[in-house]
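Just so you know, the sequences run in chain order A and B. Every letter in the first sequence is one number past the one before it in the working numbering, and letter 128, counting from 1, is 128. Every letter in the second sequence is one number past the one before it in the working numbering, and letter 63, counting from 1, is 63.
No wet-lab data here; the hints were simulated from the structure. It is possible that part of the hints are untrue.
Pulled a few chain A residues facing chain B out of the computed Cβ check, cut under 8 Å [unchecked claim]: (1) Pro7; (2) Ala10; (3) Pro26; (4) Ile29; (5) Val32; (6) Gly124; (7) Ile128; (8) Glu129; (9) Tyr133; (10) Gly134.
All figures in this text were calculated on a predicted structure; none of them were measured in a lab. For every residue, glycine included, the Cβ atom is placed at its ideal position computed from N, Cα and C.
One letter stands for each residue in the lines below.
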Amino acid sequence: MYRFWYPLIAFVIVSGFLWLGLDLKPREIPSVLVDKPAPEFSTKRLLTDNQITSTDLIGKPWVLNVWASWCVACRQEHPLFNDLAKRSEITILGLNYKDKPVEAAEWLQNLGNPYDLIAVDDTGNIGIEYGVYGVPETFLIDHHGMIRYKHIGPVSAQDMEQILLPRIRSMLQDSKT
Amino acid sequence: MKQSPGLRTASTRAVYASSLHIVASGAWWSALAVICAMFLAVTTADARVEIVEFETDSQRRLYQDMIAELRCLVCQNQNLADSNADLARDLRQRTRDLILQGKTRDEIAEFMVARYGDFVLYRPPLKASTLVLWFAPFALFCFMALYLFRRFRRSQQSQFDSKNVPTSYSSDELDTAASLLQKDLPDARK
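Next comes chain A alone, as it looks inside the complex (with noise of 0.2 Å):
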């Protein structure tokens, strides 16, 4: 009389997936960067007729956080870069991601600058070269230029805790040795 058992085992399996399915974030695609040569750019540097050229950077690890004005989801990660600025010594690049230069400094000056340069993508051609989706992404990448991280959408409280943080220090440990 197993038989009767048969409904019951489908169904512990089907909601074994479901269950399995609600931890998955669809709107997360794993980058295939991670790991590579951070793609090399060259650019202007926001409001200034300086270029930037990502090679220059290397020899010490740095952030790449991708932002503009118009987004609403930077505003809310904004407040931890800033944060992170005042609490690490590491090198945080701002890409402004297809934004109108004026509104980004004001953005700027009412919000806090956290970064130490930042770098004009008009075009969003730089954000393709990252495989950029959507804006807020933060990319670390260590003092070879290769990309160790990738967080997609807007970095919690939690996220630069647990998972920036840790990789930041370590990632400044090992350019210094």
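Given chain A, put chain B in place with the hints provided.
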């Protein structure tokens, strides 16, 4: 309960009164104007046609194929051709540029996969990590077919099992059978 119709009229009157109030105020008209403007904006946005020019017909066909094959990463269930998303437009533009540079279908797919992963392709490539994706449906189908086939054969066997069929009948049984037949037959003949 008897009072409810009266109550309803009263509340309906209240609604009329309040809507009249809205009509009377200028806020209603500006709200209407905003709504109309929104519809207008949507229509013009949809009516915008992207003109993409190519040197040859095969380039144009390749473009059409590629934007149908590549997934829009923002909307996820649309391809680049169908999507109005900003990124989709950028990627269409990039696809066009790559075609004009003389890149082949594989090279363009490679370009996209290098940046966005296999997810950008609507047809995932066949490799170790996608084996389940490709073959699980066939495996499931074969499994079900085998199960149904065996079940069918078993039920057929039990129905015509020679052990269950009696070889001789008692006279009582034959009488019952005959009377049953007699009962039914006249009806059947008519």
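Which of the numbered hints above does this structure break?
The structure conflicts with hints 1 and 2, although it agrees with all the remaining ones.
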